[in-house]
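Could you build all of it, start to finish, from the sequences and the hints given here?
Heads up: the protein sequence lines correspond to chains A and B, in order. Using the numbering used here, the first residue of the first sequence is number 1, and each one after it goes up by one. Using the numbering used here, the first residue of the second sequence is number 1, and each one after it goes up by one.
Worth flagging that the hints you see were computed from the coordinates, not collected in a lab. All residues carry an ideal CB built from backbone N, CA and C; glycine is no exception.
Below, computed lysine-lysine pairings styled on DSSO-like, alpha-carbon distance capped at 27 angstroms:
# : chain 1 : residue 1 : chain 2 : residue 2
1 : B       : 129       : A       : 79
2 : A       : 86        : A       : 410
3 : B       : 129       : A       : 86
4 : A       : 410       : B       : 129
Footprint (simulated), chain A over chain B, 3 or more residues, beta carbon under 8 angstroms:
# : stretch
5 : 47 to 53
6 : 61 to 74
7 : 87 to 99
8 : 118 to 127
Okay, here's what each chain looks like letter by letter:
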Amino acid sequence: MRLIARYAVERQEGLEVVTRYDEKSESVMLDRQNPCVDTIATFHPSAIWFERKMHDDFGIKIEGAFDNRPLVHHERFPKGVHPMRKEFTQTALDFADFTSYKFEAVGGDGVFEVAVGPIHAGIIEPGHFHFSQAGEDMLHQEVRHFYKYRGIEKMVEGMTLDEAKPVIERISGNESVAYQIAWQQIAAQAAGAEMPLPLRRYHAFLLELERFIHHWTDLGFIPNDAGFGAALAYASRIAEEGRRMMAALTGHRFGFGAVKWEKPRIETQGVAAWLERMANEAVWFKEWIMDIPSLWDRFDTTGRLRHEKAVKYDCVGVVARACGVPVDVRLNPFYIEHGFKMQTQAYGDVGARFKVRLAEVENSIAMMRNFLEEEAAALTPGEAEDGRYEAFVESSLGELYMTVELKGGKIERFFARDPGFVNWQALHLMMPGNIIADFPLINKSCDLSYAGNDL
Amino acid sequence: MLRFWQKRALTGVVTEHREFEDEIAQIRSVLKDEVKKRFAGSLAIRMVDSGSCNACEAECNALSNPFYDLERLGIRFVASPRHADVMLLSGVMTFNMFHHVMDAWEQIPEPKWCITLGDCSVMQAPFTKSFAIKGPVGEHLPVAWHIPGCPPSPEVIMRGLLDFLRSFEQK
Numbered sequence: 001m002r003l004i005a006r007y008a009v010e011r012q013e014g015l016e017v018v019t020r021y022d023e024k025s026e027s028v029m030l031d032r033q034n035p036c037v038d039t040i041a042t043f044h045p046s047a048i049w050f051e052r053k054m055h056d057d058f059g060i061k062i063e064g065a066f067d068n069r070p071l072v073h074h075e076r077f078p079k080g081v082h083p084m085r086k087e088f089t090q091t092a093l094d095f096a097d098f099t100s101y102k103f104e105a106v107g108g109d110g111v112f113e114v115a116v117g118p119i120h121a122g123i124i125e126p127g128h129f130h131f132s133q134a135g136e137d138m139l140h141q142e143v144r145h146f147y148k149y150r151g152i153e154k155m156v157e158g159m160t161l162d163e164a165k166p167v168i169e170r171i172s173g174n175e176s177v178a179y180q181i182a183w184q185q186i187a188a189q190a191a192g193a194e195m196p197l198p199l200r201r202y203h204a205f206l207l208e209l210e211r212f213i214h215h216w217t218d219l220g221f222i223p224n225d226a227g228f229g230a231a232l233a234y235a236s237r238i239a240e241e242g243r244r245m246m247a248a249l250t251g252h253r254f255g256f257g258a259v260k261w262e263k264p265r266i267e268t269q270g271v272a273a274w275l276e277r278m279a280n281e282a283v284w285f286k287e288w289i290m291d292i293p294s295l296w297d298r299f300d301t302t303g304r305l306r307h308e309k310a311v312k313y314d315c316v317g318v319v320a321r322a323c324g325v326p327v328d329v330r331l332n333p334f335y336i337e338h339g340f341k342m343q344t345q346a347y348g349d350v351g352a353r354f355k356v357r358l359a360e361v362e363n364s365i366a367m368m369r370n371f372l373e374e375e376a377a378a379l380t381p382g383e384a385e386d387g388r389y390e391a392f393v394e395s396s397l398g399e400l401y402m403t404v405e406l407k408g409g410k411i412e413r414f415f416a417r418d419p420g421f422v423n424w425q426a427l428h429l430m431m432p433g434n435i436i437a438d439f440p441l442i443n444k445s446c447d448l449s450y451a452g453n454d455l
Numbered sequence: 001m002l003r004f005w006q007k008r009a010l011t012g013v014v015t016e017h018r019e020f021e022d023e024i025a026q027i028r029s030v031l032k033d034e035v036k037k038r039f040a041g042s043l044a045i046r047m048v049d050s051g052s053c054n055a056c057e058a059e060c061n062a063l064s065n066p067f068y069d070l071e072r073l074g075i076r077f078v079a080s081p082r083h084a085d086v087m088l089l090s091g092v093m094t095f096n097m098f099h100h101v102m103d104a105w106e107q108i109p110e111p112k113w114c115i116t117l118g119d120c121s122v123m124q125a126p127f128t129k130s131f132a133i134k135g136p137v138g139e140h141l142p143v144a145w146h147i148p149g150c151p152p153s154p155e156v157i158m159r160g161l162l163d164f165l166r167s168f169e170q171k
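Shown next, in the form of structure tokens:
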């Protein structure tokens, strides 16, 4: 049973803790005054962050947890403040005194610690990595994030779904279309609306285009981190062409505001010709890059995540598929009819993740051809009914889970689990046996989101 | 490798907006002494993300793709604030990033300038002010220039940087 998410909801009677597995959903009601719940981290290590977050958000005590450090709340966050509680309505917080955070570290003769971030050397989002080193060798690594914590879950409370959409589509720029589709799935469920096929196809097309752009960015950056800059020049040119196609179709380079209830009429001829060209570029790139031995020396056996660990840590997306774990939301009749093929690799190293991305780009281009349709379509959704809704979308990083509870037409609770939120927790497993100079390569090969993770 | 050179010859030069090169040459000649004195002939930027959705960063990364190739203009992104003239700041300035941003700013040697990038930094993106947000940036840092957009496209960013340089003309 795969753990998807664990989160809390405040109710009249107390605090409800929902545990979402792939096959079922469990729910426990806790006392409001002294909320306490048993940990499930012993069976699902990826529950650790969910549980630590629940404590920060609601003040829920986790019985039996071996990691009780705050997660979202940093050194200067006031103690005893649980912003997801309904009674918390402050719009500003004062900085509290600095309380240091105890990093996981390995001790011993000659073992030293290396701290990287939160602000990194390149143009990257803020996050922190903490290494225990014996010379070049990484013994242990801990990830610390939530520097970008914007309080989005609280921000959208009290908004209607329509009002919340501009915020939701900006949770993570790289996955904007995926977040919008999740939003739309929830909005459609709430209104009891059936999405017309051309609309579904159009949005699936945009989602694949987003994946195309994101994968090409990585296909350039991964070799670049191994010192092969020519690949970055090549792949970033293709990624830029993808962005321009996105802008031509939706009016925005990242597709902000692209997912609506209507689909415009499209001139498919130009798009089809472009896809044809991109398919050729992908073939050329693949033949070229697979044939550079010095590059594969760096890729192969680097940053390996074992199949058992990927299963145990409930990994999703490219990270899981590169270890032979076939999790992909697109494994459904709609996508299979349009040419979806599950892409997996067995070895779980940087090379495997690179190959999965290469294969997925080719598959995306094939699917985009099939999703392409001239016809316009529109739908007028009715009133949103109150209730709890959830959506799964395969973003470019992996399975995105979103759930919304509506009350009186307004958002009562919003919860989104970015694929990064589980995959980040598995990152440290890839480190032992590698040298610190391989870290950027390993990290980039997973390419996880900070913004979606930190919310 | 032969195939690579073949491909390169077939693709040719894709860099666009050559007029930017003329513009920067013009700016250099007008501000010769100024740019030389203040920026040693080139502009070094330290990018700091204080809580964006990563779209602004993606566009800054795109600046170095072959279509834009920002470095040909002598504008570089550097790895350390101590090598920088300018801090380019994106994002809403979160509660958790506040002190780190201030630290980075302090590490930049004088003379220094803060340029804000994108609508988040001036709280014009759809994010509402919340307990976790300390923005707008202007309340905490002396902002010398702002590049609007959500996110600003690479072209807009380039134009914004050139306009920033040109703003010294009037002074």
